[in-house]
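Undergrad: If you read the sequences in order, they're chains A and B.
Heads up, the first sequence is in the working numbering, so the first residue is 2 and it goes up one at a time.
Heads up, the second sequence is in the working numbering, so the first residue is 3 and it goes up one at a time.
Misleading hints may appear alongside valid ones.
Covered stretches of chain B, as calculated for chain A (at least 3 residues, CB under 8 Å) [what the hints assert, rightly or not]: (1) 4-15; (2) 49-55; (3) 59-71.
If you are wondering where the hints come from, they were derived from the structure by calculation, not from laboratory data.
All figures in this text were calculated on a predicted structure; none of them were measured in a lab.
Every residue, glycine too, gets a C-beta built ideally from N, C-alpha and C.
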Amino acid sequence: MSGVRVLVGTRKGAFILTSDGRRRNWDVSAPQFGGWQFYHLKGSPVDPNRIYASQSSDWFGQTLQRSSDGGKSWETVGNKLLYDGVPGMHQWYDGTAHPWEFKRVWHLEPSLTDPDTVYAGVEDAALFKSSDGGATWTELSGLRGHSTSAQWGPGAGGMCLHTILIDPSNHDRLYVAISAAGAFRSDDGGATWKPITKGLHSKHLPVPDAEIGHCVHRIAMHRSRPQTLFMQKHWDVMRTDDGGESWQKISGNLPTDFGFVIDVHAHQPETIFVVPIKSDSEHYPLDGRLQVFRSRTGGTEWEPLTKGLPQDDCYVNVLREAMAVDALDACGIYFGTTGGQVYASTDEGNSWNAIVRDLPPVLSVEVQTI
Amino acid sequence: MVRVELPYHLRQLAGVNGEVSLEVPGVVTIAAVIDALEARFPMLQGTIRDHATGERRRLLRFFACEDDLSFSPPDAPLPDAVARGGEPFIILGAIAGG
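From just these sequences and the hints, can you work out the full model?
TA: Here you go:
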């Protein structure tokens, strides 16, 4: 492991930030496809030079890019993500039935074993899979065909499937999260799915403990403990230790437990990070102070991490795809803001520096340790 | 040859500068021109017409010979001046958004 590559998706292009293993000096690429939205970029864990990127535009729709040289060059791959069969209806904001309409790809999750296999989570919520490097796509329609799908509804950001997790010990076990339908698990490679929401409580729902309707913002997993998942819900930080069969609240002493991102330390599966946001009505940090909170106990007991982060007049947001960790020792943590800053910590969160300060609003951050 | 003007972002995606010249077989219609464009530049598939519906994307418009052809039937013949290459077929992005 000699360096780090940070893949940053923004409202106006993608950027690649690179450094050696010391992570002190950073090279910031020119904008890749400037002017296009990049909701997500992610590299293959088995071939780090293979990177998939979701490129979209209100004018030109969804396109997908693939790099085979670590982001030096790109090839446009297939963008025909068509729902399987008649798309059907889901619930709209006002409770009426609304047809499923493809809008964009929110998340790309490369296979853990094959660089040509990649999953795509899309809005309106569905899961697609490509086994030919993104050339063609097939919907894993058992998810959207779940008996509850007519009850699924959009969150403020749209009805997006944003989290895709592959169990490293059992590749047939997949987890997805949809805002605002909830979380689902498949144990057969994506053919069939079950809601995994027992223990979630959302007071804005008519039935707060309902199986469907929870606005899950992000789920994170440490690869050494795939039964344990950490969730940042709309409000509430949660964990499960049984693959989602039951969830427990671990918000503990957080000053606010609304937020979007959550991630796990690369080497300590009980060390987790969140960025509390004031509220769902005010998408910025509490008191104008940007704080990461770390728990070394798997939740409940949290400590603020502020060194190097703005502690006055800071009103940015940190969106759900915009935090990631590297695998170096000590673990690096990275997050991007809607103000265009990408912050990095090379000491497990104790102190922070801005790698770059003035990018367009950051939508996603992924890190490759190379 | 039919001349096609693309908006900036589609020129970038296709890797071209300026106008594109296309051989369009048969009757020169909007659909035939876009079919030929997508055949030559597969990376543009789905960016002008929605994959699912085949409809023109709502923030794009089609112009030729100073006429707005955005709502013309896709199979209606384009003006002779476009078919002969005297005038370009213009695909224009709406001047909107941030």
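Undergrad: Indicate, hint by hint, whether the structure satisfies it.
TA: Hints and how they fare:
1. 4-15: This one holds; 6 residues, not fewer than the three required, reach chain A with a Cβ under 8 Å.
2. 49-55: holds (count 5)
3. 59-71: With 3 residues closer than 8 Å to chain A, the segment 59-71 of chain B meets the three-residue bar; holds.
Of the numbered hints given earlier, the model fails none.
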